[in-house]
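Student: Okay, here's what each chain looks like letter by letter:
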Amino acid sequence: DTAVSQTPKYLVTQMGNDKSIKCEQNLGHDTMYWYKQDSKKFLKIMFSYNNKELIINETVPNRFSPKSPDKAHLNLHINSLELGDSAVYFCASSQDFASGTDTQYFGPGTRLTVL
Amino acid sequence: AQSVAQPEDQVNVAEGNPLTVKCTYSVSGNPYLFWYVQYPNRGLQFLLKYITGDNLVKGSYGFEAEFNKSQTSFHLKKPSALVSDSALYFCAVRDAGAGSYQLTFGKGTKLSVIP
Chain H
103 DTAVSQTPKY
113 LVTQMGNDKS
123 IKCEQNLGHD
133 TMYWYKQDSK
143 KFLKIMFSYN
153 NKELIINETV
163 PNRFSPKSPD
173 KAHLNLHINS
183 LELGDSAVYF
193 CASSQDFASG
203 TDTQYFGPGT
213 RLTVL
Chain E
1369 AQSVAQPEDQ
1379 VNVAEGNPLT
1389 VKCTYSVSGN
1399 PYLFWYVQYP
1409 NRGLQFLLKY
1419 ITGDNLVKGS
1429 YGFEAEFNKS
1439 QTSFHLKKPS
1449 ALVSDSALYF
1459 CAVRDAGAGS
1469 YQLTFGKGTK
1479 LSVIP
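Top line first, the protein sequences correspond to chains H and E.
Residues 103 to 217, numbered by my numbering, are exactly what the first sequence covers, in order.
Residues 1369 to 1483, numbered by my numbering, are exactly what the second sequence covers, in order.
Pulled out of the complex, with its shape left as it was, chain E reads as follows:
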């Protein structure tokens, strides 16, 4: 079975500081990994995904994520946080090895960027 964990319910960071939102996963085969962002009263917006290749993936709005197979992690990062980055962030996984048709989402991490 595929699963994903976001260990932090909330992350607070000062504007201009680097931010990290953590995600770990569990799959039987190779993972396909995704990050989405949800602003208040909006739908989820795709940020980036890892399928194969370079472990560092760059996405929208200056975000990037690093795939680490040995630590089964896919942490989301940004070098300099903006107040407008404040939102709910979801990590999701699909198990390529299991031929899974569906994404499993983490419970979300609320990011607050403090001016």
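If we strip away everything but chain H, and leave its shape as in the complex, we get:
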């Protein structure tokens, strides 16, 4: 009965490779998010989708491309991986971003290590 799930949990890859992280939520929420947590635990929003429509697109290299095939899924594809991409990536979901009051629920995270 996992609410927000991510795969894989760990991802170790070489510089220059392309990789994807998948996220699924079974909460029936309309809005999903990708966050990046760096080595100092600082958490920063990357993207957000509401009903498959992109609503937040922060200053992120265009090597990062989110895709939402339906409102229960939000995937993150990263091209030409760089050392600085090493971090923990969290997916989150919330009922409806427009209210401003909704609570975000986080997945367990994907630890990406670029060698």
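Check before you lean on any hint, since a few could be wrong.
Sample of chain H residues at the chain E side, in silico, Cβ under 10 Å [to be verified]:
#1 Gln-108
#2 Leu-185
#3 Gly-211
Here are the simulated DSBU-like cross-link-like pairs (lysine-lysine), alpha carbons at most 35 Å apart as the crow flies [claimed, not checked]:
#4 Lys-173/H to Lys-121/H
#5 Lys-1437/E to Lys-111/H
#6 Lys-111/H to Lys-1475/E
#7 Lys-1426/E to Lys-154/H
#8 Lys-1475/E to Lys-173/H
#9 Lys-142/H to Lys-121/H
#10 Lys-1426/E to Lys-1445/E
#11 Lys-111/H to Lys-154/H
#12 Lys-111/H to Lys-146/H
#13 Lys-142/H to Lys-1478/E
#14 Lys-111/H to Lys-121/H
#15 Lys-121/H to Lys-1478/E
#16 Lys-1426/E to Lys-173/H
#17 Lys-1475/E to Lys-143/H
#18 Lys-1478/E to Lys-111/H
#19 Lys-1445/E to Lys-169/H
#20 Lys-154/H to Lys-173/H
#21 Lys-1445/E to Lys-1390/E
#22 Lys-146/H to Lys-1417/E
#23 Lys-1390/E to Lys-146/H
#24 Lys-1417/E to Lys-154/H
#25 Lys-1426/E to Lys-142/H
#26 Lys-1475/E to Lys-142/H
#27 Lys-169/H to Lys-1478/E
#28 Lys-1478/E to Lys-1426/E
#29 Lys-1426/E to Lys-146/H
#30 Lys-138/H to Lys-111/H
#31 Lys-124/H to Lys-1417/E
#32 Lys-1437/E to Lys-124/H
#33 Lys-124/H to Lys-142/H
Listing some non-contacts, in silico: residues in chain H with all C-beta distances to chain E over 12 Å [claimed, not checked]:
#34 Gln-116
#35 Met-117
#36 Ser-122
#37 Lys-124
#38 Lys-154
#39 Pro-163
#40 Asn-177
No lab work stands behind these hints: they were computed from the structure.
Beta carbons: idealized from backbone N, C-alpha and C, even for Gly.
Using the hints provided, position chain E relative to the given structure of chain H.
Tutor: Below, chain E without anything else, positioned relative to chain H:
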């Protein structure tokens, strides 16, 4: 622009003593305020939020937080700390006045409860 500050990188408290984790915020309108906890190698878990109404908000695991508009603060408190409360705590804010779609997180405060 919305921002949040957690002035303490680390808080140490003895088991059984009261604990406080500090948070101050800056917004142009009314704030929506959240506290999350992150245990090692886990995702963020929602603790509580302030939207409107009573300034004292009660949340999960015996935690509470007090909204103070004049001091622009939203400190997290617990009357009696447990060793299992040791974790990383994040305060977050959304500016209702600015119609912001995103949460801004503080840098986190590591709480250590000493047996």
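Student: Identify every previously stated hint that the structure contradicts and give their numbers, smallest first.
Tutor: As far as the earlier hints go, 2, 5, 19 and 32 are violated by this structure, in ascending order.
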